[in-house]
Amino acid sequence: MDPELQMNIQETRRQFFGRSLTTVGSTLGLAALSQLGGLPTLASETRPGLLLAPHFKPKVKRVISLFMSGAPSQIDLFDHKPKMKEYFDKDLPESIRDGQRLTTMTSGQSRFPIAPSIFKFDRYGPSGAEMSELIPNIASIADKICLVRSMYTEAINHDPAMTFMQTGIQQPGRPSLGSWLNYGLGSLNESLPAFMVMQATWTGRKSAQALFERLWGAGMLPSEYQGVTLRSVGDPVLYLSDPPGVAKTSRRSMLDRLARLNQGVADRIGDPETLARIAQYEMAYRMQSSVPELVDTSDEPQHVKDLYGPEVDQPGTFASCCMLARRMAERDVRFVQIYHRGWDQHGALPSTIRRQCSDVDQPTAGLIKDLEMRGLLDDTLVIWGGEFGRTIYCQGGLTKQDYGRDHHPRCFSMFLAGGGIKQGHVHGETDDFSYNITRDPVHVHDLNATILHLLGIDHERLIHPYQGRDVRLTDVHGKVVHDILT
Amino acid sequence: MPKGVPFLFIPALTLLWLASGSPTVAEEGEEALVPISYNQQIRPILSNNCFPCHGPDSAARKAGLRLDNAEDAYRDRDGSAAIAPGNSSASLVVERIFAEDSDDIMPPPKTHKSLDDAERATIRLWIEQGAQYEPHWAWVTPKRSTPPLPSTGATATAVDGFIRARLEQESLPWKLRASREALIRRATFDLTGLPPSLAEVDSFLEDQEPDSWRRVLDRLLDSPRFGEHWGRMWLDAARYADTHGLHLDNYREMWPYRDRVIDLFNENPPYDQFLLGQLAGDLIPEGDLDDQISSGFVRAHPTTSEGGAINDEYRMIYSVDRTNTFGTVFLGMTLGCAQCHDHKFDPVTQKEYYGLYSFFNNTTEAEMDGNAKAHAPVVKVPTMAQSSMLGQLTEELETAIERRDAPNEEMDSAQANFEADWREQSNRWMVMTPESLTSTGGSTIEALPDQSHLFTGANPAKDTYTFTALIDGATHRAIRLEGLIDPSMPANGPGRSSNSNVVLSEIEAQVVSVDGELNPIGEPVPILFNSAWADHEQPKFPVSAAIDGDQTSSDKGWAVSGFNLKENRTAIFTSDQPIGLEGRVRVTVKLLFHSEFVHHAFGRVRLSVAPDPHPAAEETRWLDDANVSLGETHLDASPGPWNWVDAKDHPVHSGQQSRLQEVDTDRIYQHYFLKATRPLEVKKGDRFHAWVWIDETSPTRTVMLQLHSNNSWDHRAFWGEDLITFGPTGEDVVSHRPMGDLPTPGKWVRLEVSADHIGLPAGSVIDGMAFTQFGGKAYWDDAGILGYADLLQMEPLLTVPPEQRSEQETIRLRRWYRQRHSPDYAQVLQNIEQLGKDQGSIENQIATTLVASERMQRRETRLLNRGQYDDPVGDPIEPGIPQFLPPFPDDTPKNRLGLALWLTDPDHPLLARVTVNRIWQSLFGTGLVKTTEDFGSQGEWPSHPELLDWLAREFVDTGWDLKKTIRLLMMTDSYCQQSITTPLDLEKDPENRLLSRGPRFRLEAEMIRDQALFLSGLLVEKMGGPGVKPYQPEGLWKAVGYSDSNTVRFSKDSGDDLYRRSIYTFWKRTSPPPFLAILDAPNRETCVVRRERTNTPMQALLLLNDIQYVECSRQMASRIHREAGELDDEQKLNSLWRMATGRKPTELELEEIHSFLIEMRQHYLVHTEDALQLLMVGDSPAGDQIEPSEHAAWAMVCSLILNLDEVVTKG
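Line order of the protein sequences matches chains A and B. Heads up: the first sequence begins at 59 in my numbering, then just goes up one per residue. Heads up: the second sequence begins at 3 in my numbering, then just goes up one per residue.
Treat the hints as calculated values from the structure; they're not laboratory data. Incorrect hints may appear among the rest.
Unchecked claim - No more than 30 Å apart at the CA atoms, straight line, and that leaves these computed lysine-lysine pairs for DSS-like:
1) B:1024 with B:382
2) B:1040 with A:363
3) B:177 with B:1040
4) B:1054 with A:119
5) B:1054 with A:306
6) A:117 with B:112
7) A:141 with A:363
8) B:990 with B:177
9) B:382 with A:264
10) A:480 with B:112
Please put together the full structure from these sequences, using the hints given.
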């Protein structure tokens, strides 16, 4: 069939069902919808999303987001500013700061002395991207990733900045990126949630910024689209295990009877929700085996584990989460998000960033290598970064060996890898102070638009009508950053 | 479609018509018959597709064209008009929406909006028909229309008339009345959030009187459970939670607001009164505490205290939240758009938005919540018990104070005598006149008439003052240092530093005898200070640091808080030994000011000496004669009376008796007592003493005093040889302190040791004392503790003549004196102190709750450009409301109270509609207007517009009575229909918007949990109080929480609190209770007036596996055996089924669960260990009424029942 024609047909189907979802409403759910439209029911196959088909050919099927909560210092990791050595303890020139707002943690400082990074930088890979000694493993795959040095955001504090990054606005209430994907694209997998979240342990400063369930929440979308947390304590998924003293055979028997009893009600009352409920109980039953199978890494050979480093067998570590993320990618979980906390280094940055980097460096590189070895990197997008950057000037006492950095929304670095992403590429540039972007700025909305683009979604067209508005992830902004795409 | 009946075009049904090929409005032949309604058909199309560029937002308007009002749309535009009424071919709109060229077509492709054929045809037809605009229905005061009469004749209620007429139009039949079982279950859930009990079902089945249904409703409306159910929905709208919500997400104490809401729904005040409290309870003239609590609605939004957060930004965020919440809850308007620009769909300009915003931008609370549970302003909300206890305490306190302050002639004259004595004794200090005085820092020294010396001139960073003087030797033990203030010094305090503080790092002194020529005889001897006292010490800088021998640590020393205490300072340094030998001696005193704090030296100094630092010290005689009960006495190693002897035959130092301690051999021998009846509390500078007489003929070789405190005797001082092996022999430590030579035998000698010296700091409580000797014979007499700290503290006051004292000083001194000398008085003071403490501890327990409070002077509000907090533009904006709404009355205050009054005007077009719509939503599953939160252009057209208006009118006209309105709806036949869904219903009324059947939808989260607790008999129906923490999986809070948050660690409650109704569950916003969130409870971060209803595998896992539901299952099994033990299996299963669903099971159903029971029975008979495990899930005991395998089998059956679709569904 002519590809364009097929696209048109899909488009029509999309509009048809897109409208039906929003007008028929969630009371009926998809089961009812499928009855109307002759779609497969929930119990079989995978679950379609709102779009049914993407807007255009997707480059990737799934996303793994490695979120460094607290905001890692771009200056000490990715954005090398050798000139700053000469500026040690000199004031940040007023022309650079240019009256931009500061947090109230440093706005009262009488001066803004420059703290050059004490870490050594080198050029890596054919692209010669400069990276710091703190992340040798990530540096070793410099030719596989695309480093964006010109990210910027609007929020200056953690809570709003993380919320902005993940939901497109600074205040609570909107769906997160993963929820949008879940809503728009549906699930590729019939026995695992489409959107899974992990919260890794960390070893830097113990007192770490909070996370919020809204970061993987569904906002005004139905809650079924929210992220499901894969936990390292207790049940990997909430309430997954049968209660003590309930045998698998008993559970099966109970579910069979439950299904028969509910079917009887469905036959008598005719409410499609009852059928949907039967299907959800079956999905739950499948998750009871698919999730333990997912988290049981005993079948992973040692050489694979070695990619992720020595902490891979400690549940909850970033390394362990990364390997699980790969297992989820193999099982076609649409969106995996790992949160690593502890990057908020207002003081004693050199010592704590070392520990933070040692948590994530090898596992991150290991994940990308592992995905690549399995051919999964071609249709997976990996994103690494935090919610904003940090200031070149020192917060608190400055010595040759010790310094702290405040929040800096004006520029920060992230990197991406995977399908559709230019490899060994560096995008964007900042001034000598890593304070202002001098070339190719990438706004948070642009990043989100680009992520959606890679998944075949026009960010302007993945919408949810709410309170009279067509709400979308990128609000009314966002441009796809084609320069970082192949 | 029946001819002559207007075809109502329902957006929700578009799909169905398209899908089933039904005729659309544009179809040939129908046109002439179908009047197109602007409101119903045209506005939704224009609003969604055209208004963004051709609507109210002037900034976004393209081509200067506005299509949202007739005047603009009809306007001549160079010879043609966008809309030419009656002439579609002359209308540019028609031309453009039918354009083929993508450059011309409207809406433009880049907007991703497009019109379908039907929509285009409808617009054309509307223009053909005259393009009549109508005001938006929701902004016109509702009118009561006559309920239509369906062809089947009169209906039971007016509401049914509207519903049935509409169903007839759609050729949809309605359903029969549901069974009584179904009805009572439906109603009980709708009014109380819980299922009916079997007894209630049975009684309704029996009661066939015509008004039985109404009586059931009235009973349920009167139940306190009503408020717990309907209040809960209000809490979603009010975004109530128990934490602040942002960043740290610490505890916020606000549950009195939640309880108030529950009470209000139960009390059922007129809704307009209810609203006044919510919006402006703090402003109601003569409003009471309850009104203030209600105003918490304004404060319930999330707040932050994140380091670095900017106040202006958050004040804006809060005001925006309040404004938008106001819009959603009361106006059914989505105002949020207008924060940044004129509203694109509804006629709200950005300026008007800030007019509304300004009502809410005028409260007094700080932007940063300080992470405090009581983020001011708050009010205290005492319980009844707390109020009455406080009242009682206040009374007692008044009585006690009266007793304390009453005159007492006897005491007052004794005090006068005491003071006179004191003044005489205070002469004991002899000021030393220096032979020489130097400053290493080169300060200029000037002698003043009062014998003090002033240091001026050079002000070195560090300084040492060296002072020598001649005194009589062997007379004095104490040196007093006075650091005096002087007008010549900076900052008015005693120090020379810029803040007038002082750090004395060390005082050193030495003494040497001098001959007649004043030449030294021999080498000087250092004076060892054992104790130091000061009338003030700065925390971490005690005066003891000045005698610790450490002059080098730059951060140690005595500091005097000179930065805020601008007064004279006194320190006294005491040696255990008299200073120098008899005769003239030269004393050299060095004051070292060597700390890292520069210039921290005294500026005016006077030094004195005294024989004894505390001549008037108060001695507490702990023991003297046998007549006073001491505690538990021991003699040698056994309990028993001591060996008291009389003055007649033995030496006695005090009173009538002393104690003889005699032992034949060289061994340790002692008297001691424990568990003192009058324990002693050590005060600063206290010294212990005892008198001893060592017999000359059989002298003991060592005497020792031991003090018992905190279960330890390790506080010892001894005189003589180191023979007593308590504590480490040979060492000099607090538990074994050598004090020097044995006292001279044959006379009474006072043994004395400072409490500090044997490791008993101020505050230690002493409850025993031992008098120990090694061999020989000794008499021991009075012993106790010598305190002078208090006296010295009062010294400055005592030296002031009585007539020169202020009244306050007089009172202070009197209280001090009476306390020391009158045991009664001490009791009164103690009592007062205790009452105060009790009062404080009750006050601390009293809950507080956040309330609104209005600023006196209005905070200026200006339009924020693009909604940016730091970009205010234009003139200040007065509080006001958008023009399209009824005007704000002139005589109404322009504050929240006025806003509430404006809102509750009986003719307000929105409030009543929005409110009855929410009631409708709660009962029928979907509102008459589906978009509960949006009645504007983009909101959905009401399914029954006339009915909505009729209800709104009825609601207002009957006095804003919520309960009455709820009952009105529940009395309808429409509500009471069966909920059976036919294929025709599904096709024509998939969402049951037309009420072709009774409501049927999944219960809300709280109802599902509460039902399980109710069925199991576990439910604890205690109302109100702090949020409770029932079971939740471990680690949820920790996984997301800020490490320093006080809600980062979850600790489960126990006992009753595990089984309270879900409305009382502690709500942490950043990690809401999972068992509620999974079932679509909102996170309470924003206002929600319409919950989603999803159907997910997570819900299945929750209901199957959560401890709470498993525990409920096994308790439900216990319960049926407890209550129906005599019944057979089938009867019990029948009861369980009825309890859970309200109805009897069918035979097939009964067979299914019965065979499951048999299967489980067989399973658990074999797997008894499994049975025991299952029965241990949850905290409540399993009980022993049922044999475990049997119990487990029944628990599984109950779990199956709790998971039934019908059980989690209101049908």
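Which numbered conditions among the earlier hints are violated in the structure presented, ordered from lowest to highest? Hints 3, 4, 7 and 9 contradicted; others consistent.
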